[in-house]
Amino acid sequence: MSKNVSSFLNKLDKLHDETIEIYVPSLKKKVPTKPLNLKQQKDLISSALDGLKGTLDFNRTLNKIIIENSGLSDLKLYDKLPFIVALRKNALGNKAGKIELQGILDNIKNIPLEIKDKDTIKKGPLKLTLKIPTLREENMLLNKCEQEINTDLEVLKEGIGKLYIYEILKHIDTIQVDDDVIDLDDIRIHERVKLVEKLPLSVYTKISDYIETVNKYNTDILTVDETELEIDAEFFDTSASD
Amino acid sequence: MDLSFTLPNKKEVVVNEILYKDLRKMALYNDSSLSNTIDFLESFILTKGLTVVEKLFAFFILREKCIGDQVAIGSKKGKVNIGLHVFKKNIGTFDDIREEIDIDGIKCVLNYPSRFYVGDTDFIFSLIESLEIDNEKVTISSLSKQEYNKIISRLPDTIFGHLEAFIQKNSSHFNVLIYEGKESMEIDKIVLNMLDGSFSAFIVKLFDCIQDTDYREMLFVLSKRIPDVSFLINSTYLELNDYYKLYADEVEKQNEDLQKQNAS
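Protein chains in written order, with numbering that gives the first Met the number 0: chain A, 0 to 241; chain B, 0 to 263.
Read the hints as simulated data drawn from the structure, not as lab findings. A virtual CB, placed ideally from N, CA and C, is assigned to each residue, including glycine. Heads up, some of the hints might be wrong.
What the hints assert, rightly or not - Under 8 Å between C-beta atoms, here's a sample of chain B residues computed to sit facing chain A:
id, residue
1, 41
2, 82
3, 121
4, 142
5, 150
6, 153
7, 215
Starting from the given sequences, assemble the full structure and let the hints guide the process.
This is the structure:
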């Protein structure tokens, strides 16, 4: 790298060394986080153009930005929203449509986190331990899922089915049948998919109930004056801001 | 050999000749990505700091000097040849849209993009011509890929809104009318937008003039008359076409002489 560019990068860093304090539910404290930069904002908005793959890409980009800007690698799935909302508020202002983002940040502090980080399901000889994945774990699965999704309209249903399987998959820690225990982190992703596809339907329902506890927490946080904020690529678009 | 010429906006441009052997690479690149092919073509433009419109002009001249001035375009009646001078005349002179803005202590000059869109949306930041902090200035088009990525990853997001406004304000300038179309020949109008992939795809098409089998056939035929193959591959396609015509005329004349001898 040329001396001139290195010196310019130093000046840029000095000019923009501010951090914002974000409350992290899993840590129960505020952590300093770098604000969004130009490339990150563009990456978030450009994912809006690409349908089902775009949705996956948007989530992957968000996770990557949160990990990068906070410097924390073990953040849980339910830590995502506080970062999204605080980064957006810092970048584009407090209002998103009719919703005041400060109201959501207040919800994060006030609504108790009642999600179990681990849970167990039993069905005969089958025992599953469930977990709340970290953002890093979610990104590994999103990468794989994005590679497998076909964007053809004809196979869209199949794509949505795959998304569902991956959603289930990311919440399973171990599967035990009698004395045989498999830690899903120890096997390849396509083998995990095969295993999960063989689980009985009643187990799926119980995993869905577990996932629902996270979804409910997120919905409660995102609701201000009975209006729920929708988080998509448009949320980071300047033309949609106040 | 280097060629130099002056663009309609009076900018001096130096390019490297595209030789016959380079077209072989193009033929091999046929299945390659748009990004690789554009990188390869851009390596022939030696002048740094050009915008994509200036590069388009440079490619027109390069095409004219090294391959030929006729371009075949599709019509409902089949392929029609059009002279490159028509394209150049249609573009004419391009308006100056440069704009200087000050954002959070950074002086930022916006202009036409300096990078082609080839699938990576990061190219949009090449609308930034230069950045300056405390009299220290960097020109975006002169940065390596690594330097470019480092700089755009550190720029504040507040620039984004200014970029969007600049694009909106100058949207008509980013559309380039290449050909007005001809109703009698059923040829459609050709308008390229420098912010989408059609612009780079059009440039690649300009140089996609030979298949690999044709490449070998031309060499095979000409080497009977000019055995120095190294000389042939280091000539331009335009020159080889001339040699080919001369050789064809020579063979035809020899055949006629032979027929006359046989008749007498």
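Enumerated hints in conflict with the structure, sorted upward: Checked against the structure, the hints that fail are numbers 1, 2 and 7, while the rest are satisfied.
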